[in-house]
Amino acid sequence: DTEVTQTPKHLVMGMTNKKSLKCEQHMGHRAMYWYKQKAKKPPELMFVYSYEKLSINESVPSRFSPECPNSSLLNLHLHALQPEDSALYLCASSHTKGRTGDEKLFFGSGTQLSVL
Amino acid sequence: SQQGEEDPQALSIQEGENATMNCSYKTSINNLQWYRQNSGRGLVHLILIRSNEREKHSGRLRVTLDTSKKSSSLLITASRAADTASYFCATDARDTGGFKTIFGAGTRLFVKA
Numbered sequence: 001d002t003e004v005t006q007t008p009k010h011l012v013m014g015m016t017n018k019k020s021l022k023c024e025q026h027m028g029h030r031a032m033y034w035y036k037q038k039a040k041k042p043p044e045l046m047f048v049y050s051y052e053k054l055s056i057n058e059s060v061p062s063r064f065s066p067e068c069p070n071s072s073l074l075n076l077h078l079h080a081l082q083p084e085d086s087a088l089y090l091c092a093s094s095h096t097k098g099r100t101g102d103e104k105l106f107f108g109s110g111t112q113l114s115v116l
Numbered sequence: 001s002q003q004g005e006e007d008p009q010a011l012s013i014q015e016g017e018n019a020t021m022n023c024s025y026k027t028s029i030n031n032l033q034w035y036r037q038n039s040g041r042g043l044v045h046l047i048l049i050r051s052n053e054r055e056k057h058s059g060r061l062r063v064t065l066d067t068s069k070k071s072s073s074l075l076i077t078a079s080r081a082a083d084t085a086s087y088f089c090a091t092d093a094r095d096t097g098g099f100k101t102i103f104g105a106g107t108r109l110f111v112k113a
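First to last, the protein sequences are chains F and U. One point on numbering: in the working numbering, the residue at position 32 of the first sequence is 32, and numbering is uninterrupted. One point on numbering: in the working numbering, the residue at position 37 of the second sequence is 37, and numbering is uninterrupted.
Keep in mind that the hints are not guaranteed to be accurate.
To be verified - Using 30 angstroms as the maximum straight-line C-alpha spacing, the simulated BS3-like pairs for lysine-lysine come out as follows:
no., chain 1, residue 1, chain 2, residue 2
1, F, K41, U, K26
2, U, K100, F, K19
3, U, K56, F, K53
4, F, K41, F, K104
5, F, K18, F, K38
6, F, K41, F, K18
7, F, K22, F, K104
8, F, K40, U, K56
9, U, K70, F, K38
10, F, K40, U, K70
11, F, K22, F, K53
12, F, K53, F, K18
13, U, K112, U, K26
14, U, K26, F, K40
15, F, K18, U, K100
16, F, K104, U, K26
17, U, K70, F, K97
As the list claims (entries may be wrong) - To spell it out: a stretch of chain U is covered by chain F in this simulated footprint if at least three of its residues, at any positions, have a beta carbon under 8 angstroms from a beta carbon of chain F; those stretches are:
no., region
18, 34-43
19, 91-100
Calculated directly from the structure, the hints in this document are not laboratory data. Every residue gets a Cβ at the ideal spot worked out from N, C-alpha and C, and that includes glycine.
Just chain F, with the same shape it has in the complex:
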């Protein structure tokens, strides 16, 4: 199984809502990532988890709250989002990057989020 599964595929939420994005992989990867992608732009890194611990936070606003409950699951909790947070949210996983960082990322298909 070389898939990263993201749910839901589409999400519309109001600025006062609380919602969660989910990501799952069963490849035994111990590194998991959240990226945000605006239309016609490259993915921007948000968070990196390594061995279920948050290792990198790219100064993401606290209205985005990541969680890694176990080695297969990654969540992104959303609260009080703004319309400018509308984007494609991509989850990825990889083997942990050793000294040389030679590991490719496996991406899910993303959640298209619209904040009204």
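Once you have looked at the hints, place chain U on chain F.
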């Protein structure tokens, strides 16, 4: 700031022609990767080239790396309509928390049948 910047931003060619995309980066790297993204979907890894390699092939793909110029190119030979997608180069930047993969601006390729 982005590690990789690409040109052209968009490229339109006829089926059967070759497509060349270029990527430049700013800092020293251990490797450089190329990914493909179909519209609104996730990215798919195409090829990785290490800093001590100059050229690598995979099927119709040819990647070159020039570390002295901090640049790489991706060549797709005999393009097909199904190659229509966005192509991103990516490099790994070392952070206090480990490596983070940073993507270039991307090239949108249109292959006309």
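Taking the hints in turn, this is what the structure says about them:
no.	hint	result
1	K41(F) <-> K26(U)	holds (19 angstroms)
2	K100(U) <-> K19(F)	holds (26 angstroms)
3	K56(U) <-> K53(F)	violated (35 angstroms)
4	K41(F) <-> K104(F)	holds (20 angstroms)
5	K18(F) <-> K38(F)	holds (21 angstroms)
6	K41(F) <-> K18(F)	holds (26 angstroms)
7	K22(F) <-> K104(F)	holds (21 angstroms)
8	K40(F) <-> K56(U)	holds (28 angstroms)
9	K70(U) <-> K38(F)	holds (26 angstroms)
10	K40(F) <-> K70(U)	holds (24 angstroms)
11	K22(F) <-> K53(F)	holds (17 angstroms)
12	K53(F) <-> K18(F)	holds (23 angstroms)
13	K112(U) <-> K26(U)	violated (33 angstroms)
14	K26(U) <-> K40(F)	holds (22 angstroms)
15	K18(F) <-> K100(U)	holds (28 angstroms)
16	K104(F) <-> K26(U)	holds (20 angstroms)
17	K70(U) <-> K97(F)	holds (22 angstroms)
18	34-43	holds (count 5)
19	91-100	holds (count 7)
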